[in-house]
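Visitor: The residues making up each chain are set out below.
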Amino acid sequence: MKLLLIEDDPETAGHIAHALTGHGHAVESVDNGADGLARARACDHAALIVDRMLPGLDGLSLVRNLREEGLQTPVLMLTTMSGLDDRVEGLEGGADDYLVKPFAYSELLARVHAITRRSETRETTRLRLADLEMDLIRRTVLRAGKNIDLQPQEFRLLEFLLRNAGRVVTRTMLLENVWDLHFDPRTNIVETHLSRLRSKVDRGFDSELIHTLRGVGYVLRAD
Amino acid sequence: MCCVRIRFLHTEAFRLSAIYAAIFALSVILLGGLALVITERAFRDQVVQFSQADIAAIQNGYDVEGLGEAREVVQQSMAGPGVSDFFLLQKDGRLVAGNLPVMPPRTGVFSLDKGGHEILGVGKMLAPGVYAWSGSDLARALIARQEILQAMIWLFAVALLLAVTGGALVSRSFLRRSDAMARACRAIMDGDLKARIPMRGTQDELDRLAGTINEMLDRIVALMGNLHQVTNDIAHDLRTPVSQLRQGLERAQEGPQSEHAQALGAAIAKTDDILVLFAAMLRIAEIEGGKRRGAFVPVALGALLGRLYELFGPVAEAAGHSLAVDIRHDVEVRGDPALLTQLLSNLIENAILHTPSGTHITMSLAVLDSRPALTVADDGPGVPANEHEKLFQRLYRREASRTHPGHGLGLSIAQAIAELHGAQIGVIPGSPGLAIRVLFSAARTPSDS
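Here the protein sequences line up with chains L and Z, keeping their order. Heads up, the first sequence is in my numbering, so the first residue is 1 and it goes up one at a time. Heads up, the second sequence is in my numbering, so the first residue is 224 and it goes up one at a time.
Chain L on its own, in the form it takes in the complex (with noise of 0.2 Å):
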């Protein structure tokens, strides 16, 4: 994929870049929102990264010129300011996804995999891999012809899965999307749920779905 990373910390930007590189994207870098703006106009990108804090135009001044020009290209923001409110504000600006520094490289390539391909299923009402079925509109879901029934919790999880099928979702994204939730728990919260989720989707049937990706987080597909 071709990014656009907007970052003026050389340092910050050289791992960020060097990051999403090792993983087969091609990065181009600028370290202020102008110069930021006027590549996003006039290249077409499959993905901008911007800080939040930036010298001259900032990072959500930035997303809202872009906004309002028209330019639906998916943004995800980086910012060391950690509140409430800042997120909501991110967001609302016209940002897709919002992502605390610091972080793993893990999750920041997660979140950029997960925006570049979000439009694609929003307006589906119905779900499906392999042998896996979510109806969206009757909230029912099929495994190879069979009902699994799942308390609403789960249908949820499963749903994110599914939206995000192929792509590796963190554990904070799960947090975040499924649960609403904006602090770190200290209780295996996210593991306790994909467990049982596991148990009903995946117990009994030929092949697994839900796969453990060690220390970076979860991904559904059918091998």
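Bear in mind the hints are in silico, worked out from the structure with no lab data behind them. Backbone N, C-alpha and C fix where the C-beta goes; we use that ideal spot for every residue, glycine too.
So, partial list: chain Z residues that the calculated Cβ filter (under 10 Å) puts toward chain L: (1) Lys514; (2) Ala539; (3) Ala542; (4) Ala561; (5) Thr564; (6) Gln565; (7) Ile571; (8) Leu576.
For this one, chain L is given, so just place chain Z on it according to the hints.
Guide: Just chain Z now, with coordinates in the frame of chain L:
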């Protein structure tokens, strides 16, 4: 002393008393002027009235018994304790009686000049050729006017003196108290955080102001103490993991290459711990800043407990605990849903992490004295009563729980969130295990709204 004298001229109290003195002086002048005009007019009216009465008496004498009787009346009036001082009775230009020279007959009220004195009186023709005049010297009115004027000047001087002295006294006292305030503030600026403004207990406006300033100082000192505490805690609590991180990396550097991957993993995990601690401290600062109060919305506590039960039920079960919900009254409070979720999560996670498996954990919602009460209780081994207070201290970790994950800020965050919502949080004494209750103020049930 000279400084004080000059300074009190610039005080608000002196300015006020000077304004009052000026208003008073002006009133005295106005009132005095008015009094002069009124008394003079009244005196003239009286002189005219008496003169007319005298003339009427002379006329009466003339009408009844002729000129002789009229002369008699004039002479009696001049000799007796009459009111008028000057009389004239003349016939065909000749003096008949009186103490005034003959003059051309002129009727009505008018003044004569006699040796510099103004004599006001009334002239009348008693019959053709017969003219009478009666009047009084106005010098008496002049004397009265001077006396009034003099009294007024005295009054004016005394009032002015009183106002200035009073103003000076009031300003001196005001100055003394404002100086005390300034001294206390300067002492605080110089680092004596215990200094306070002395209060008289009189409940006047200065006393109330002093009280408010003292309360403000208490709050500032508490906040600074908090800040100081946090700075110390961070320095203390971060030093340990950071130095461990450094030692681990140093050891890996000296050790064989084969152990590097493992050492790096350990270093990353240690760094994550440090970052979690940072995030928790920043969250407390954010909550204590109070900015989030602006975003309060009605939160149905029953529904919130339901969601948390769904979230933590399986987690508790997986850890060998049981989690139950007991909703006696569903109530709404105004609050921040995300923060209230974090508050309850912290309490539930504490119960799950710090009790042996087999412990029953209950979240309950009730109304006590019309105040919504959220309780998270367990039937585990509990915490000794002398440690209850300490549980809410920052970075306090019980010896027994040092082996569990955590940074000792969970209950501090819970407390900060409770305080933001105007709620009280504390351990319910005497309960089996540990029971922590959040008591909100002013209840509002969904049926009310």
